[in-house]
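Chemist: If you read the protein sequences in the order shown, they are chains Z and B. Anchor point for the first sequence: position 233 equals 233 in the numbering used here, and the numbering is continuous, going up by one each time. Anchor point for the second sequence: position 355 equals 355 in the numbering used here, and the numbering is continuous, going up by one each time.
There's no promise every hint is true.
For lysine to any residue, the following SDA-like pairs were computed, each having C-alpha atoms within a straight-line distance of at most 20 Å [as the list claims (entries may be wrong)]:
| no. | chain 1 | residue 1 | chain 2 | residue 2 |
| --- | --- | --- | --- | --- |
| 1 | Z | Lys-251 | Z | Ala-165 |
| 2 | Z | Lys-251 | Z | Lys-321 |
| 3 | Z | Lys-251 | Z | Pro-169 |
| 4 | Z | Lys-251 | Z | Val-168 |
| 5 | Z | Lys-251 | Z | Glu-189 |
| 6 | Z | Lys-251 | Z | Lys-203 |
| 7 | Z | Lys-251 | Z | Gly-181 |
| 8 | Z | Lys-251 | Z | Phe-300 |
| 9 | Z | Lys-251 | Z | Val-320 |
| 10 | Z | Lys-203 | Z | Arg-313 |
| 11 | Z | Lys-203 | Z | Val-320 |
| 12 | Z | Lys-321 | B | Arg-367 |
| 13 | Z | Lys-321 | B | Leu-363 |
| 14 | Z | Lys-251 | B | Gly-153 |
| 15 | Z | Lys-251 | B | Asn-362 |
| 16 | Z | Lys-321 | Z | Thr-196 |
| 17 | Z | Lys-321 | B | Asn-362 |
| 18 | Z | Lys-251 | Z | Thr-196 |
| 19 | Z | Lys-251 | Z | Val-232 |
| 20 | Z | Lys-321 | B | Pro-366 |
| 21 | Z | Lys-251 | B | Leu-148 |
| 22 | Z | Lys-251 | Z | Phe-176 |
| 23 | Z | Lys-321 | Z | Tyr-81 |
| 24 | Z | Lys-321 | B | Ala-370 |
Computed, partial: chain B to chain Z, Cβ under 10 Å [claimed, not checked]:
| no. | residue |
| --- | --- |
| 25 | Val-47 |
| 26 | Ile-48 |
| 27 | Gly-49 |
| 28 | Asn-51 |
| 29 | Ile-53 |
| 30 | Ile-98 |
| 31 | Ile-144 |
| 32 | Ser-151 |
| 33 | Gly-153 |
| 34 | Ile-161 |
| 35 | Ile-166 |
| 36 | Ala-305 |
| 37 | Val-348 |
| 38 | Gln-350 |
| 39 | Val-353 |
| 40 | Glu-361 |
In case anyone wonders, no lab produced these hints; they're calculated from the structure. All C-beta atoms in this analysis are idealised placements derived from N, C-alpha and C, irrespective of residue type, glycine included.
Here is how the chains run, residue by residue.
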Amino acid sequence: MDYLTLLSVLDGTLRTAAPLVLAALAGLFAERSGVVDIGLEGKMLAGAFAAAAVASVTGSPWLGLAAGIAAGFALSMVHAYASVTHHGNQVVSGMAINILVSGLTPTLAFAWFQQGGQTPLLQQGERFDPITLPFASAIGDAVPILGPLYREVISGHNILVYAAALAVPLTGWIVFRSRLGLRLRAVGENPSAVDTAGISVAKLRYQALTICGALTGAAGAYLSTAQGAGFVRDMTAGMGYLALAALIFGKWRPGPTLAACLLFAFADAVQIRLQGVDIPGIGIIPVQFIQMLPYVLTVFLLAGFVGRAVPPRAIGIPYVKER
Amino acid sequence: MTSGTTAAGKVKGFGQPGEVPGWVNYALLPLLNLVAALLVSSLVILVIGENPIAAMQVLLYGSFGYPEAIGFTLYYATNFIFTGLAVAVAFHCGLFNIGGEGQAYIGGLAIGLVALYLGWLPWPVVALLGIVAGAAGGAAWAFIPAYLQASRGSHIVITTIMFNFIAASIMTWLLVDVLIAPGQQSPESRQFAETAWLPFMHQALGWVGLRIPASPLNLSFVWALVCCVLFWVFVWHTRWGYEIRTVGQNERAAVYAGISPAGNIVLAMALSGALAAFVGLNEVLGVHHRLILGFTGGVGFVGIAVALMGRNHPIGIVLAALLFGALYQGGSELAFDFPSINREMVVVIQGLVILFAGALENLFRPRIEALFRRTASQPAPAA
Numbered sequence: 001m002d003y004l005t006l007l008s009v010l011d012g013t014l015r016t017a018a019p020l021v022l023a024a025l026a027g028l029f030a031e032r033s034g035v036v037d038i039g040l041e042g043k044m045l046a047g048a049f050a051a052a053a054v055a056s057v058t059g060s061p062w063l064g065l066a067a068g069i070a071a072g073f074a075l076s077m078v079h080a081y082a083s084v085t086h087h088g089n090q091v092v093s094g095m096a097i098n099i100l101v102s103g104l105t106p107t108l109a110f111a112w113f114q115q116g117g118q119t120p121l122l123q124q125g126e127r128f129d130p131i132t133l134p135f136a137s138a139i140g141d142a143v144p145i146l147g148p149l150y151r152e153v154i155s156g157h158n159i160l161v162y163a164a165a166l167a168v169p170l171t172g173w174i175v176f177r178s179r180l181g182l183r184l185r186a187v188g189e190n191p192s193a194v195d196t197a198g199i200s201v202a203k204l205r206y207q208a209l210t211i212c213g214a215l216t217g218a219a220g221a222y223l224s225t226a227q228g229a230g231f232v233r234d235m236t237a238g239m240g241y242l243a244l245a246a247l248i249f250g251k252w253r254p255g256p257t258l259a260a261c262l263l264f265a266f267a268d269a270v271q272i273r274l275q276g277v278d279i280p281g282i283g284i285i286p287v288q289f290i291q292m293l294p295y296v297l298t299v300f301l302l303a304g305f306v307g308r309a310v311p312p313r314a315i316g317i318p319y320v321k322e323r
Numbered sequence: 001m002t003s004g005t006t007a008a009g010k011v012k013g014f015g016q017p018g019e020v021p022g023w024v025n026y027a028l029l030p031l032l033n034l035v036a037a038l039l040v041s042s043l044v045i046l047v048i049g050e051n052p053i054a055a056m057q058v059l060l061y062g063s064f065g066y067p068e069a070i071g072f073t074l075y076y077a078t079n080f081i082f083t084g085l086a087v088a089v090a091f092h093c094g095l096f097n098i099g100g101e102g103q104a105y106i107g108g109l110a111i112g113l114v115a116l117y118l119g120w121l122p123w124p125v126v127a128l129l130g131i132v133a134g135a136a137g138g139a140a141w142a143f144i145p146a147y148l149q150a151s152r153g154s155h156i157v158i159t160t161i162m163f164n165f166i167a168a169s170i171m172t173w174l175l176v177d178v179l180i181a182p183g184q185q186s187p188e189s190r191q192f193a194e195t196a197w198l199p200f201m202h203q204a205l206g207w208v209g210l211r212i213p214a215s216p217l218n219l220s221f222v223w224a225l226v227c228c229v230l231f232w233v234f235v236w237h238t239r240w241g242y243e244i245r246t247v248g249q250n251e252r253a254a255v256y257a258g259i260s261p262a263g264n265i266v267l268a269m270a271l272s273g274a275l276a277a278f279v280g281l282n283e284v285l286g287v288h289h290r291l292i293l294g295f296t297g298g299v300g301f302v303g304i305a306v307a308l309m310g311r312n313h314p315i316g317i318v319l320a321a322l323l324f325g326a327l328y329q330g331g332s333e334l335a336f337d338f339p340s341i342n343r344e345m346v347v348v349i350q351g352l353v354i355l356f357a358g359a360l361e362n363l364f365r366p367r368i369e370a371l372f373r374r375t376a377s378q379p380a381p382a383a
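Only chain B is shown next, with the shape it has when bound in the complex (with noise of 0.2 Å):
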């Protein structure tokens, strides 16, 4: 996170661009969060009574070791492209939105009882209303803690929190007594008509006379890449984006230059809550082809990392989201060949990646520019 996306960032934005390479900002620092994190978590699994260099082996196998591992760590990392640009459009508006969990699972539903009830259309047509049903599904979720806080200043991370559980008992609620398949024990919707189905990307290439191995991933991937160019193109070239930014920077400054911080809150927060909601693409159109409890399993958090890794950029969460795409594949190789590690170690990581490159983001920083400012100065008084 840069310093101007929170008000407690302020106070040491003080000449911070320029200071540094980009390349020591948008890798090293997060290269060093990293590896403080991936040192705590060895200090856990020698606690645990494991020994952390086999089980990192064992977790980097795991993660691009074989060709279909490779698939599924896309296939994790899809899901947390579009949680991490999510938290990420957040930040750049000065919001911390951990609703995404939530926002995923209400996105979710809207792309489910599109294919349920729409399911006889080819499936391009069931994966267009899905996004755009899914986009509004996900929004909506967003939009009623992003209008309290802009209107009545309620803690919109309590909020969102509070609707993430207020999002789990009604989808319970919907999979246990309403949407439950007839004849059926298990709380999940029946499944979707094989046609409305997102093409696996190993079937997608094999049109085209490629051949993979069999994995989730599915052309919701591809989407991903494309929510990340219009990302791009939203934050940085286009009004909003830039109006976005500045009630993220300086909500003060913002008003005197006719900008409505309610406004862009509400905005940035809709198109969180949309984002996050393509999730739902990746699992429930995608994957499982039926609304089931619990689907998103954590990953509107896992977006907080990613986006404080990556820097709230683009290339950065793709590259964030990877890493962790790896982490969740290789994590449950590791609960798989480790007796006494679960697959929670993985959210040990997320957690420790959080700490160090988010609130620890000072820990590194002083020191690596100091040097930077040290190096750069010494050669100015020869030349």
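Excised from the complex, chain Z in its bound form (with noise of 0.2 Å):
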């Protein structure tokens, strides 16, 4: 493989990165507060959805991104009345929340744009473009190994790649310096503590899935509307799972996170290239083996063959005011 050829792989691995960064950024603020959120997938697909039908309609792709954040908002929202208000079982309400998007995604896009359930193929000018950042082409021909670097993998990408790049650091602060991010933390791990504290618990989580529901939502505008050209039927294809195991992966911080989503990026990126090639000694693979190397990996990260994950301490369960 040479220079050039991993060059073009790392550049498809910061593309599928984004939206798996984006969606594990809010497994974590939701887990890290207590709450366990398998719906990130239902999320990511309804905001794909909603994302691709607006900007289909409008034709701006920024008020598409506002619309998949709402989106992933009002689930988010669903799933904390069921989670947090009622006590229900989170994973459960999940799950709900998955099929619940599954089948109304296809339902809504064919009833609107009679097209079998997608919508239509946006246009020019109706996704995010990519971006060539300053002097790409003449740094990339100037500066040997590190220009190409620059040029083929650091730039031209779209907007929200950048956005979720920066997205990694900002939780960081916002986790670990921020107040709020310390009573993030308390809450997931002892909530009664913040209870006798005189915060409100629920509040607490009700703000953590906030931020969970917005970047799922613009995970999924990302899919439908920056780097595809519309939405297909469950297009997410577990997304949403491969993140939350990069999230356990990452041991619910940061950037251990963003490094296990890279991981996964990188392997999907490798077996797009891997496809139809013939291996020495091996022969051709099956291409079908090849695609599910991602979700392969994610059984053997999570069988703990790297060490074993703690969670939040409080995660999963309902918080009760005693009586």
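Starting from two chains that each stand alone, build the complex the way the hints lay out.
Modeler: Encoded structure:
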């Protein structure tokens, strides 16, 4: 594999990693506050549909993004209502959202756009276009090694990729340096202590799920209006679960979670490269086996072959004030 | 789901038994949840721009309105009984098995292989071998996530979902590259020998002189009912069932009682996988008579809704499975009659049922319980 091929694989890695990072950070906020969020998948899918539908109707990807975020937020509130207000089972609530959305999105798309459960193909200007960073071609030609890296990998992504990159240190700052973050972590570890201190557990968890919903909505909008050009049914294809696995593998910390997302995305970029390639000594691996690489990787990582993950202590347990 | 089935549910388990009459817990609450789900679904239909009442009428007529429809409804219900029991046995152990889809797929593959290579045997033998092979296949597919959960603490919800994707990939490869019938374009295996087919219900009843209209309903429905009885005996009347329920209710208490949580997690999941696998008996051996792509079609997920509505009890599961069978059969009629409604509408209802019957189970329950406490305590002072 020569240098340019490697660069193109890395470029593909960043492209795939962006929605995973956004979704995993969304999960980080929810789970740090003590709420399991299996529903990342469904919220992403809803965000993808809302963004594509609105972008297609209004012609603005920004309005699409806003709609995607609104959809993610709305479903997050359903999750909060069930699991925080009514102390429901968080895993069941998340799964209900996933199944509901997997049915609702094609139903609405079918009724509104009459294209068999898809949204119309987004045209130029209705999507987030790639941004060429300053001097990309000049530096790319002038500086060896790093120049092409800058031109091919760092430059030329749409704005949401850069936003995702920025979201990682921002999340780190919020969770570990801000007052809200301190409270969020506390409510995920020991909610009764937070309650004793006179801070509302429910309000904090609602706040965490608000951020979570917005981020998943943005992740979905990325899929349909930046990476793709329209909504296709079940277009998340398990990405929400991968993000959750990356979060667990990253031990609920932004930096390692980013690394895990990049690993998944790299596996995906490599799998696209490997399709139909004759590998010496092995031959052509059937495409289905290559495609399941990220899923197998997830199981391996979750099997704890790299150390046991310790979740926030109060995760998954609804908080009920003692009477 | 009862309060003890998950760690999360424990917080409200205080003094729960005996609060309300059984029929409230097993009939009134599921009914309320269903009504809530149908009301929200009606809103969705309104948003689409159709008349929800007319849609519900079509749904009802399409599922029970004429004899063939009933056969179709029961045929769909057969699948949902299997996956509902599968989800329920895992629930009893405090586990959430959302891998029914993959387990049914791999189990169906095993059943299909039996029929492909031993298809010259008479059908009762093929069916029996299929049951054994399918159960083994489904159990094996559930075993790995169960083992990883029990020994390494890997989140079973995520691993079972991953195993769904992996099963789908493997099946696609097998049908595209390996099992595809020679000289054929679509990825399907060859048809099984006709002698190996599981008889349709209209054939079987024909032998005893009863005539019913032809439908895909086949003898696997009978096996589904047998499984319900076996499930009831196993969960409530054997030592193993007792141990599984103990682990599900309180893992620490189980440890002190000398019950191994790890062993019971694996056992419950293996049984769950085996039950899910029988979907293959209905679809592969009973209806399609060949291995095809995606014969499971989301039944593993319907099982979650069925188990939640059926309160993890066989009788409840049969009733909930009938309901979802009706929804699926009526749903195809609905999609046919209303140009702007497609079959995914049923998935919407299914998601809402899981939301209301599962996640929002505390929405109605405390109020209903309070109501019954009040009415129950009123006659007391008078007496």
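Chemist: For every hint, state whether the structure bears it out.
Modeler: Tested hints:
1. At most 20 Å may separate the alpha-carbon atoms for a hinted pair to count; Lys-251 of chain Z and Ala-165 of chain Z meet this at roughly 19 Å.
2. At roughly 29 Å between alpha-carbon atoms, Lys-251 of chain Z and Lys-321 of chain Z are farther apart than 20 Å, so this suggested pair is violated.
3. With a CA separation close to 16 Å, the supplied pair Lys-251 of chain Z and Pro-169 of chain Z stays within the 20 Å bound.
4. Of the supplied pair hints, the one linking Lys-251 of chain Z and Val-168 of chain Z holds, its CA atoms being roughly 14 Å apart against a limit of 20 Å.
5. Between Lys-251 of chain Z and Glu-189 of chain Z the CA atoms are separated by roughly 14 Å; this keeps the pair inside 20 Å, and the hint holds.
6. Proximity of Lys-251 of chain Z to Lys-203 of chain Z is assessed by CA-CA distance (about 25 Å); at most 20 Å being required, the pair is judged violated.
7. Only pairs whose Cα atoms come within 20 Å are accepted, and Lys-251 of chain Z paired with Gly-181 of chain Z is accepted, the gap being roughly 16 Å.
8. The hinted pair formed by Lys-251 of chain Z and Phe-300 of chain Z meets the criterion: a straight-line CA distance of about 15 Å does not exceed 20 Å.
9. Taking the CA atoms of Lys-251 of chain Z and Val-320 of chain Z, the gap is about 26 Å. The hint is violated against a cut of 20 Å.
10. About 19 Å separates the Cα atoms of Lys-203 of chain Z and Arg-313 of chain Z, which keeps this hinted pair within 20 Å; it holds.
11. For the hint pairing Lys-203 of chain Z with Val-320 of chain Z, the CA-to-CA distance comes to about 13 Å; that is within 20 Å, so the pair holds.
12. Taking the CA atoms of Lys-321 of chain Z and Arg-367 of chain B, the gap is near 18 Å; set against the 20 Å cutoff, the hint holds.
13. As the CA atoms of Lys-321 of chain Z and Leu-363 of chain B are separated by approximately 18 Å, the hinted pair is consistent with the 20 Å bound.
14. About 14 Å separates the Cα atoms of Lys-251 of chain Z and Gly-153 of chain B, which keeps this hinted pair within 20 Å; it holds.
15. As the CA atoms of Lys-251 of chain Z and Asn-362 of chain B are separated by approximately 32 Å, the hinted pair breaks the 20 Å bound.
16. Simply put, Lys-321 of chain Z and Thr-196 of chain Z have alpha-carbon atoms about 10 Å apart, close enough for the 20 Å limit, and the pair holds.
17. Straight-line distance between C-alpha atoms of Lys-321 of chain Z and Asn-362 of chain B comes to about 16 Å, which keeps the hinted pair within the 20 Å bound.
18. Between the alpha carbons of Lys-251 of chain Z and Thr-196 of chain Z the distance comes to roughly 27 Å, so the proposed pair goes past 20 Å and is violated.
19. The straight-line distance between the Cα atoms of Lys-251 of chain Z and Val-232 of chain Z is roughly 32 Å, outside the 20 Å bound, and the hint therefore fails.
20. A distance of roughly 16 Å separates the Cα atoms of Lys-321 of chain Z and Pro-366 of chain B; the hinted pair therefore holds under the 20 Å criterion.
21. Restraint check for Lys-251 of chain Z and Leu-148 of chain B: the C-alpha separation of about 18 Å stays at or below 20 Å, so the hint holds.
22. The suggested pairing of Lys-251 of chain Z with Phe-176 of chain Z holds, with an alpha-carbon distance near 14 Å, which does not exceed 20 Å.
23. Straight-line distance between C-alpha atoms of Lys-321 of chain Z and Tyr-81 of chain Z comes to about 17 Å, which keeps the hinted pair within the 20 Å bound.
24. Straight-line distance between C-alpha atoms of Lys-321 of chain Z and Ala-370 of chain B comes to about 19 Å, which keeps the hinted pair within the 20 Å bound.
25. Below 10 Å, beta-carbon pairs count as interface contacts, and Val-47 of chain B has one with chain Z at about 8 Å; its hint therefore holds.
26. A hinted interface residue such as Ile-48 of chain B counts as satisfied when its beta carbon comes closer than 10 Å to some beta carbon of chain Z; here the least separation is about 4 Å, so the hint holds.
27. Look at Gly-49 of chain B: its Cβ gets to within about 7 Å of chain Z, closer than 10 Å, so that hint holds up.
28. The restraint placing Asn-51 of chain B at the interface with chain Z is violated, with a minimum CB-CB distance near 13 Å, outside the 10 Å limit.
29. Given hint, Ile-53 of chain B at the interface with chain Z, is violated; its Cβ is 18 Å from that chain's nearest Cβ, farther than 10 Å.
30. Because the smallest distance between the Cβ of Ile-98 of chain B and any Cβ of chain Z comes to about 6 Å, under 10 Å, the interface hint for this residue holds.
31. Taking 10 Å as the C-beta contact cut-off toward chain Z, the hint placing Ile-144 of chain B at the interface holds, the least distance being around 8 Å.
32. Satisfaction of the interface hint for Ser-151 of chain B is found here, the shortest Cβ-Cβ separation to chain Z being roughly 9 Å, below the 10 Å cut-off.
33. A hinted interface residue such as Gly-153 of chain B counts as satisfied when its beta carbon comes closer than 10 Å to some beta carbon of chain Z; here the least separation is about 7 Å, so the hint holds.
34. Using the Cβ-Cβ criterion of 10 Å, the hint placing Ile-161 of chain B at the interface with chain Z is satisfied: the shortest such distance is roughly 5 Å.
35. The interface hint given for Ile-166 of chain B is met, as the beta carbon of that residue sits about 5 Å from the closest beta carbon of chain Z, less than 10 Å.
36. Nearest Cβ of chain Z to the Cβ of Ala-305 of chain B: about 8 Å, under the 10 Å cut. The hint holds.
37. At about 4 Å, the closest approach between the beta carbon of Val-348 of chain B and any beta carbon in chain Z falls short of 10 Å, and the interface hint on this residue holds.
38. Interface restraint check: Gln-350 of chain B against chain Z, minimum CB-CB distance 6 Å, threshold 10 Å, status holds.
39. With a least beta-carbon distance of about 8 Å to chain Z, the hint placing Val-353 of chain B at the interface is held under the 10 Å criterion.
40. Here the hint on Glu-361 of chain B is kept, as its CB sits about 6 Å from the closest CB of chain Z, short of 10 Å.
Hints 2, 6, 9, 15, 18, 19, 28, 29 from the earlier list are contradicted by this structure; the remaining hints agree with it.
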